[in-house]
Amino acid sequence: MSQYFHSIRIDTEKCEGRMKCLRVCPTQAIRVRDGKAAIIEEKCIDCGECITVCPHGAIVPLTDPFGELSKFRYTVAIPSPALYAQFGREILPEKILSGIKKLGFDSAFDLALTCGEVSFAIQEYLRDYKGPKPLISNACPTVVRLIQVKYPELIDQIIPIELPRELAGREIKKKLSKQLKIDEKEIGAFYLTPCPVKMISIKQPAEKGKSFLDGAISIADVYGPLLSAMEGIEKGSYRKALESICILGVGWAMVGGICRTLRLKNSLAVSGLPEIIKVFDDIERGKLRNIDFIEAYSCLQGCVGGSLTVENLYTSYNKILKLIETLEFEQIKACPDIREVRKLYSQNYFLIKGKFEPRPLKPLDTDLAKAIKKRKLKEEIYELLRKIDCGVCGAPTCLAFAEDVVKGYADLTDCIFDLPDNMEELSKELSDLRSNIHKSKK
Amino acid sequence: MSDECVLSQKFKIEGGNFGNAGKASTSIKEILKEIGIDPSIVIRASIAIYEAEMNVVMYAKKGIITLNITPEELHLKLEDEGQGIADIYQAMKEGFSTATNEMREMGFGAGMGLPNIKKNADRFEITSIPGKGTTLDIIFYLNKTGNQ
Numbered sequence: 001m002s003q004y005f006h007s008i009r010i011d012t013e014k015c016e017g018r019m020k021c022l023r024v025c026p027t028q029a030i031r032v033r034d035g036k037a038a039i040i041e042e043k044c045i046d047c048g049e050c051i052t053v054c055p056h057g058a059i060v061p062l063t064d065p066f067g068e069l070s071k072f073r074y075t076v077a078i079p080s081p082a083l084y085a086q087f088g089r090e091i092l093p094e095k096i097l098s099g100i101k102k103l104g105f106d107s108a109f110d111l112a113l114t115c116g117e118v119s120f121a122i123q124e125y126l127r128d129y130k131g132p133k134p135l136i137s138n139a140c141p142t143v144v145r146l147i148q149v150k151y152p153e154l155i156d157q158i159i160p161i162e163l164p165r166e167l168a169g170r171e172i173k174k175k176l177s178k179q180l181k182i183d184e185k186e187i188g189a190f191y192l193t194p195c196p197v198k199m200i201s202i203k204q205p206a207e208k209g210k211s212f213l214d215g216a217i218s219i220a221d222v223y224g225p226l227l228s229a230m231e232g233i234e235k236g237s238y239r240k241a242l243e244s245i246c247i248l249g250v251g252w253a254m255v256g257g258i259c260r261t262l263r264l265k266n267s268l269a270v271s272g273l274p275e276i277i278k279v280f281d282d283i284e285r286g287k288l289r290n291i292d293f294i295e296a297y298s299c300l301q302g303c304v305g306g307s308l309t310v311e312n313l314y315t316s317y318n319k320i321l322k323l324i325e326t327l328e329f330e331q332i333k334a335c336p337d338i339r340e341v342r343k344l345y346s347q348n349y350f351l352i353k354g355k356f357e358p359r360p361l362k363p364l365d366t367d368l369a370k371a372i373k374k375r376k377l378k379e380e381i382y383e384l385l386r387k388i389d390c391g392v393c394g395a396p397t398c399l400a401f402a403e404d405v406v407k408g409y410a411d412l413t414d415c416i417f418d419l420p421d422n423m424e425e426l427s428k429e430l431s432d433l434r435s436n437i438h439k440s441k442k
Numbered sequence: 443m444s445d446e447c448v449l450s451q452k453f454k455i456e457g458g459n460f461g462n463a464g465k466a467s468t469s470i471k472e473i474l475k476e477i478g479i480d481p482s483i484v485i486r487a488s489i490a491i492y493e494a495e496m497n498v499v500m501y502a503k504k505g506i507i508t509l510n511i512t513p514e515e516l517h518l519k520l521e522d523e524g525q526g527i528a529d530i531y532q533a534m535k536e537g538f539s540t541a542t543n544e545m546r547e548m549g550f551g552a553g554m555g556l557p558n559i560k561k562n563a564d565r566f567e568i569t570s571i572p573g574k575g576t577t578l579d580i581i582f583y584l585n586k587t588g589n590q
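Protein chains in written order, with the working numbering: chain W, 1 to 442; chain L, 443 to 590.
Since the hints were made in silico from the structure, they are not lab data. Each hint can be trusted.
Cut-off 30 Å, straight-line C-alpha distance, at most; resulting in silico cross-link-like pairs (BS3-like, lysine-lysine):
{"no.": "1", "chain 1": "W", "residue 1": "K370", "chain 2": "L", "residue 2": "K465"}
{"no.": "2", "chain 1": "W", "residue 1": "K178", "chain 2": "W", "residue 2": "K343"}
{"no.": "3", "chain 1": "L", "residue 1": "K475", "chain 2": "W", "residue 2": "K407"}
{"no.": "4", "chain 1": "W", "residue 1": "K287", "chain 2": "L", "residue 2": "K535"}
{"no.": "5", "chain 1": "W", "residue 1": "K43", "chain 2": "W", "residue 2": "K370"}
{"no.": "6", "chain 1": "W", "residue 1": "K102", "chain 2": "W", "residue 2": "K71"}
{"no.": "7", "chain 1": "L", "residue 1": "K560", "chain 2": "W", "residue 2": "K278"}
{"no.": "8", "chain 1": "W", "residue 1": "K133", "chain 2": "L", "residue 2": "K535"}
To give an idea of the chain W side of the interface with chain L (calculated C-beta under 7 Å), a few residues:
{"no.": "9", "residue": "P152"}
{"no.": "10", "residue": "E153"}
{"no.": "11", "residue": "D281"}
{"no.": "12", "residue": "E284"}
{"no.": "13", "residue": "R285"}
{"no.": "14", "residue": "G286"}
{"no.": "15", "residue": "P363"}
{"no.": "16", "residue": "L364"}
{"no.": "17", "residue": "L368"}
{"no.": "18", "residue": "A369"}
{"no.": "19", "residue": "A371"}
{"no.": "20", "residue": "I372"}
No residue lacks a Cβ here, since even glycine has one placed at the ideal position from N, Cα and C.
Produce the complete structure using the sequences and hints provided.
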């Protein structure tokens, strides 16, 4: 059993070793060995970039099939607000939720309301917070994992407020078990997810607590059935449907939604891992101390850009944006009562139960002197390579290859150039290096 | 100490090149993480080296950072060719700055650069010859028992 649960699996039958995943992985967690891709579990942060890029569909997101529903006496669907962005502009959440009920769930819950409560709770937390800034939203599990792995020193800047879907799961189960007089265990709460990473936050929450949800079903899997299910539903009053939408909550579907609907002044909204890495580097340099809050999503444009969504991400982003603008214009504020939220907040209703723990990558060696030697060796090996990052050795870059050699995961002869023209001179250097590597392993 | 246990690397900095500013400090930070330097030291070193790199970018023609790591200490030496600092005593005061408006627009020039480096480092030395350049020595002790 491996230490980390991942929501991504490689189907080795289908994998043809085309190396697209190798090049796209932002944490260099993939190696191709004997023509098949493999994931280095310690490095993977479940962003799902490899899923999207694989030409053979050999990288599969692990979500739950519909069949899981039959395991429970009562089932609730909790769709991500990103689902509301998947259909035309005239299809509002109310209709989507009635459609979901026809798919076999006993009820469908509007998560936007809980998102709204959590937005207020974040506002409360920001107001009372005195530690180092900026605070970082925990909404995207990939971002939380990126911090755990690559920016462990920023871990205390992740907001420790429970995620809306978890709160919803917790509260729905409490309420329904009383109402229906059944055990909480007999109630299945399923998240309709725009990305596979939510699956790991259910199976292995970053803060090591226990999830209140029982599974995650891909939006892509429900899309078709839901579209047909909505066909028969009579069109109600548009204005009435609009009035039931929590403006704070729908913002959670897109990047910048939380900042905008809370009207936060000193905040940043970032999406896409390479951009997030730039921003986090700036935080480490002490550059962004004047910023209070950062909303970061690994998928472009936020959850609407998740790899398990259907609609073009710019179209869906736009739908959410227009919805927010309409609600602002119409001055519709179907939001939770802030006084109620404050009361609950003071009772620790929103705080996460565990604590975020760093899981930094293993250094080259736990002994500093040995680590320094290995780092030098890595540099020497790298200098011998062609530095064209061809990937044929199975590592994404020449530098990553040099590291693999030092760590003993690869051999110098895996490089197809097997070292350049002046072979004679170099082979001496090479054999010295090999014996050095041998020594350093001892 | 055998020189097997010293990691030395040089990084060039181009004065006035804001597009590349911060690259050297990012590379150094990566190395520190890779060899497993304590995160609390990594964060202090990242801040100090970035401030120092930006000083070169803003005020000098060019500069070189020499990184030297032994199991005992992390030594960052910055040597630049440029205008130098006429009055170091004054430059070390918080709030003193000769930054232009453009630099201030970018969030620099609050006069916190040098004091901030000193605050974050375990040892800090500065020498400067006006009209020629400035040399900084920024040192962090890695042996935890040695410096607390």
